[in-house]
Each structure stands twice: as structure tokens, then as C-alpha cells.
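2 protein chains.
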Amino acid sequence: MIPTLEWTPAGVNFLDQTRLPLEETYVLATDYHQVATVIRDMIVRGAPAIGVSAAMGVAIGIHHSSATNLVSLTAEVDLICKTLAETRPTAVNLFWGIAQVRDLYTQLAAANTPIPQIKSAVVALANRLYDEDIAQCKTLGANGADLLPREGTVLTHCNAGALATCGYGTALGVIRAAVERGHRIDVLADETRPYLQGARLTAWELLKDNIPTTVLCDNMAGHLMSKGRIQAVIVGADRIAANGDTANKIGTYSVSILAKEHGIPFYVAAPFNTIDLATPEGSAIPIEQRSPREVTHSNGKQMTPDGVGIENPAFDVTPAKYITAIITERGVLRAPFAESIRTMAANSSSTLTTA
Amino acid sequence: MIPTLEWTPAGVNFLDQTRLPLEETYVLATDYHQVATVIRDMIVRGAPAIGVSAAMGVAIGIHHSSATNLVSLTAEVDLICKTLAETRPTAVNLFWGIAQVRDLYTQLAAANTPIPQIKSAVVALANRLYDEDIAQCKTLGANGADLLPREGTVLTHCNAGALATCGYGTALGVIRAAVERGHRIDVLADETRPYLQGARLTAWELLKDNIPTTVLCDNMAGHLMSKGRIQAVIVGADRIAANGDTANKIGTYSVSILAKEHGIPFYVAAPFNTIDLATPEGSAIPIEQRSPREVTHSNGKQMTPDGVGIENPAFDVTPAKYITAIITERGVLRAPFAESIRTMAANSSSTLTTA
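Residue numbers (our numbering), protein chains in the order written: chain X, 12 to 366; chain Y, 12 to 366.
Be aware that a few hints might be false.
It does not matter which identical chain is meant; a pair holds if it fits inside one copy or across any two.
[As the list claims (entries may be wrong)] No farther apart than 25 Å at their CA atoms in a straight line, the calculated lysine to any residue pairs in the SDA-like style are these:
| id | residue 1 | residue 2 |
| --- | --- | --- |
| 1 | LYS219 | ASN154 |
| 2 | LYS238 | THR290 |
| 3 | LYS312 | THR79 |
| 4 | LYS149 | ASP42 |
| 5 | LYS332 | GLU17 |
| 6 | LYS219 | ARG240 |
| 7 | LYS149 | LYS312 |
| 8 | LYS130 | THR290 |
Just so you know, these hints were derived from the structure itself, not from any lab.
Using the sequences and the hints given, assemble the complete structure.
Structure, rendered in C-alpha cells:
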């Protein structure tokens, strides 16, 4: 089990993903400000992991509060939630994780629950979300496994693995589940500039599971597709609109077009809470712009001339029309996605995680 | 004028492109072995620049020979040409540049020309090829300038600029010519992993000419196209087959598919000697595989875990069907390219550079 993040008595312990693959070090966040920093600086990243991290951030904030009455605690909870919500804009799971803990808090506060009981309850919820995330990934993996070839090469972009979740992974969870069923799968991992999630993280965690993995630069995928070297593409998601349009790591959109041009199936794997029913289509998803320095510098050395402009959008949106299927823990969604998503949401609303 | 390479009494002087943009340093190659190393290590790169460098390499080899008779000089010339031909496989200009000087040598040797005269003649030819390269780039630029928008953003991949030629550039030459005619053009430069020709070289030389330039990671081009941010794409070429299929820096193929999907024109700019009439189609073009270390390491630091596989093809082939036009110094080629190339080759064979 790869320890992406973990609640400990001392605080939330995060595997430092900025230092992988050569260093396995941990960052202990002992208050909610530190959890916010860990999310913003991408020490933890990946939509599902961000969601649970944010929930743990709210929980640790409440847990450590010195408020002696509910009025001041509620004011503090507002500030905690606001701080965590401002870390990253694109992954809807962040807001979902915050809302889960806040909703429970609101409910308990409305019932005048004693503060010590509230503290225990929110920590318990954050830990339950952690456990559920792993269970969801495994179910999701099982749901998608047989979509992957019995034998062949699967391309993935960024890291939608154990490191992007509390364990097992979404896109990489599907690959793991297929391998567990005996599929013979080689993985091609786009290095995923500028942060190199593929080169650093996907390669690291798949090699730990002895799944043969080859890293390529992002600009090589089309060439390998043209040579018949890729049988399927599978990626994660940071937010899926109600019509199936999917925000994911920058470059995903290009890969989806290349897959279409070569007749290769393109799968999205994500827990159902990545679907944002309040966002009607992809154009409404906010796209985070990150620091130019991620592009201009490499290991501390400047690679671009002074004065040049820099683009660094962290995500792009893949329109639903390029997506073969969306794999969730509740089942596999197919086009027309607006309809299949609506149906799945309605059918399974009773199983939604609630306080 | 950017001094990409230059014949000097002391040897061939190369601007060290591995150290740009932060350091402007030079490497002096005083014998043909050093010229071969300079080409292999990409101190000089770019198909037209490689062609002239190779010609200068043969010339310096002959020039410095201590052979006292034509039999031993001819044996030496064979070795010189073989050494230079083995540096890089894809750019046809390499073989063209070698052939230009060797053909002249063969002709002069057959006429029993005294060795000192042969030495002067081959050096003069290498320098003439240098001058012709610059003149060709300017004519090519003028031929293509009005294909670019009067006002808009042009995406380029890799570096097909002054640094890839003896000056002015091919794709960037077209951009320069358009700007000189008053077009208001912003350039988006794909950073071009793994060697970062776009981030390091294209940005550097365009900023020197005050052409507004923005660097993006290769995986961002599709996203910017979807936002209507790109009006044209222009790239260089390392070898163009007789049917118009074009080998160019890895990633070019993907960009061509993205351009097609977004209805954006995709131009190739290359001197006519980049067209290899002996290669019927793209699948026959040899694709250089370079060292995995270019992908695994960044500024000396390993970014990938031990044991992972690495892909590093240096080029890919863009089928003619994705190319809007091929811009040469002899005119603009359009589909069907097999026919337009054949016609242009026949019409202008009298103007081919010959000894």
C-alpha cells in the first residue's frame, strides 16, 4: 500500500510528491494552514487525494480549535473552509471534501452537540472518506478492468494512481485490476510537463507493483499511436461536467484527439463525486493557471530567455465527444453522457456519502 | 545576424546550442572528427545547419589532410565522409552537404587537379553553400510570408530558425519575413521536449528580433487551439519524402493532427534540398533514437525511477495529408504533393546547386 496521506495523532502525514521518485520523504501537517500549503504546493495532488486531504484539513482545523462555544467555532469553521477552498480551483473533489465535513459540522452544531463530540465526529468522517476512497477505487478498477485489452499497451497521462488517491488509484486502479485478472498490460506513461507526474509518480508506483512501464515525452504519443503501439488510453479526471466534458491534467485534450484520429478507445476513470452536476458543461470549469516558474525552470536552472511569455494552464477540458466511456465505482457511463450521468445520479442518490 | 556557424582560418566555429539561452559560448572544431562530434552532440542542430556543417566538415578534413597524392587523399575523403555520415540519420541535408563536397572532390581528382587547388576549391564550395543557405532562407521567407495572418498568433514546434540554418531560418524565416512586411504576429513556441529547442532556442532568437514570443509545454497546444488562440502552425523539416510526407522534430505529427481537428493551416518550411526524391514516402525515412538520458535527466538530476523504460525518438513523420503547404525557396508546394514536388524538381533542376 502506497501511503499517499494518513491521519495520525500528530497531524496529517503526506508523502512528499514533489520529491519522488528518488526521495521518499514525508511532510506532517499539524494544522489546517499547513494542509492548505501541502495542497497548494502539490506535495499532495490528484483530485481524489485532494478531496480527502481537504476533508482532513477541515477536520484538523476543528479538532485543534480552542473555541469554547459554537458561535466562535462556527466562525472558525468558515475561515478554515475558505482557506482550504482557495488552494486550487479545478478539482471539484476539493470542494466536495470540504463540504462533507462542513455539512456534518453544521448538522451537529444545529443540534447543539457538545464540542468534544463534534471534534471526534469530524475526524471520524475524514477517516471514513479516506477508507471509502480506497474502496471506491477498487470497485472502479473492477468495473473498468475488462475494457482494457487482454494483452497490449495502455497509454496514460499524468498520475491517476495510488498517489492521486488514498490508494490503488483511478486510471491506474483500472490497470491494476486488469493485471490482477491476468491481462498482460504494458503501460506507456506520458511524462506530463511541467510537473512530470508521469515520469516521476506514475512510473514510480507502477514499478512498485511490477507493471512494466515506459516513460515518453508528451509529444511522442501521436508517433507511437501511428506505429500501432497503443491499444487504449486511460486517464483520470479533476472535474466532470454534467454533460461528460472532462477537465483533467493539461495535455489530456490533445491525447483524446490523437486517440480519436487513430481509432483508439479513450477512457476516463474517476469516482462519481468527480462529476459536478452543478457544472453544465466543460466551458464552465475554472482552469487553474500555475506559476510560470514551473515551465521556465528545471531543477533550479532557468531554461528560457528573460522576457519571454509563458503559458502554464494546469488543466484542459476534453469534450465528451472524444470520450469512449467514463468508468466510476457505480458503473461505466457511455454516450450520451448527459443522459447516462443523470440516470446514474438519480438511481444511486440513496448511496451517496452523507453525514 | 545570429552566428550559428562560421568558417574561420582556425577551424569551424559553432555557437554552442546546448548552452543557450543563458550562455553564448562557442566551440571551435579544428578537424573533421570535432565537426562530427559537434553534430552528434547537437552543439549545432537543425537540418539546413547540419547540411552546411557537414560540408564544412568534409572541407576541413580535406583542407588539413597531409596526403601527398590523390590515391591516399581519396581514401581519406572516403573515411571523412563516412565519419560525418554516421553522426545523425534523419536529416537528409547531412548527406546532401557531404555529397556536395565529395562530388566536387571526385570531379577535381578525376581531372588530376593539384591537391592545393582541390583544398581551396572545397573550402570555397563549403562557404558558398553557407551563403546560399542564407539566401535560400530569405527567398523562402518571402515566398511564405503572406500565408501567415496579417495579425494573429502562429505556433511553431522545435527550432527552425536562424539557429537551425546559417541564418534567418526556415519556419522562423517565414515569420521574420511576415513581420518585416508589417504583419503583427505573436509566436507561440512549443518548448519541445526533451532538448527544449523551442524554450531555449526559438524564444532566444525571436526575442533578439523583438518578435513577441510565448513558450508553452508541448501538451498545451491543443488546449490553446481550442480557445481560438492559434491562427496558423509553421514548422521546419528534416527530410521530406517524394510524396510530401515530412519528417521533423518529434511532436510535429501530433501538432499536425491537432491543427487539422481545429481547422488551422499547417505549413512546412524547408529549403528544396530537404526534399529527398529517393525516399518515396515517410515510412522509408529512418528515425533517430537518441539516448534515454535526454528524457530521464534534467540538468543532471534524474527525474524517473530506476528500471523504467524510456522512449526517445528524435523525429516523427507527418503524412502529406495533414500539410496545407510546403514552402521552399523555389515556391510553395500544394497537394497533391507527389505531383507538385515532381514538377518543381523537373522545372528547376537546372538551378540545382552543383559543383
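Right, here's what the structure says about each hint:
Proximity of LYS219 and ASN154 under a CA criterion of 25 Å is satisfied intra-copy only: 23 Å inside one chain copy versus 55 Å between copies. Proximity of LYS238 and THR290 under a CA criterion of 25 Å is satisfied inter-copy only: 19 Å between copies versus 38 Å inside one chain copy. In this assembly of identical chains, the alpha carbons of LYS312 and THR79 never lie at most 25 Å apart, being 50 Å within a copy and 51 Å across copies at closest. For the identical chains of this complex, LYS149 and ASP42 are neighbours neither inside a copy (30 Å) nor across copies (63 Å), given an alpha-carbon limit of 25 Å.
Neither within a single protomer nor between protomers do LYS332 and GLU17 lie at most 25 Å apart by alpha-carbon distance, with minima of 38 Å and 53 Å respectively. Within a single copy, LYS219 and ARG240 get their C-alpha atoms as close as 24 Å, which meets the 25 Å cut-off; across copies the closest is 41 Å, which misses it. Taking CA atoms no more than 25 Å apart as the test, LYS149 paired with LYS312 passes in neither setting, with 41 Å inside one copy and 35 Å between copies. Proximity of LYS130 to THR290 under the C-alpha cut-off of 25 Å is found in neither arrangement, the shortest distances being 32 Å within a copy and 73 Å between copies.
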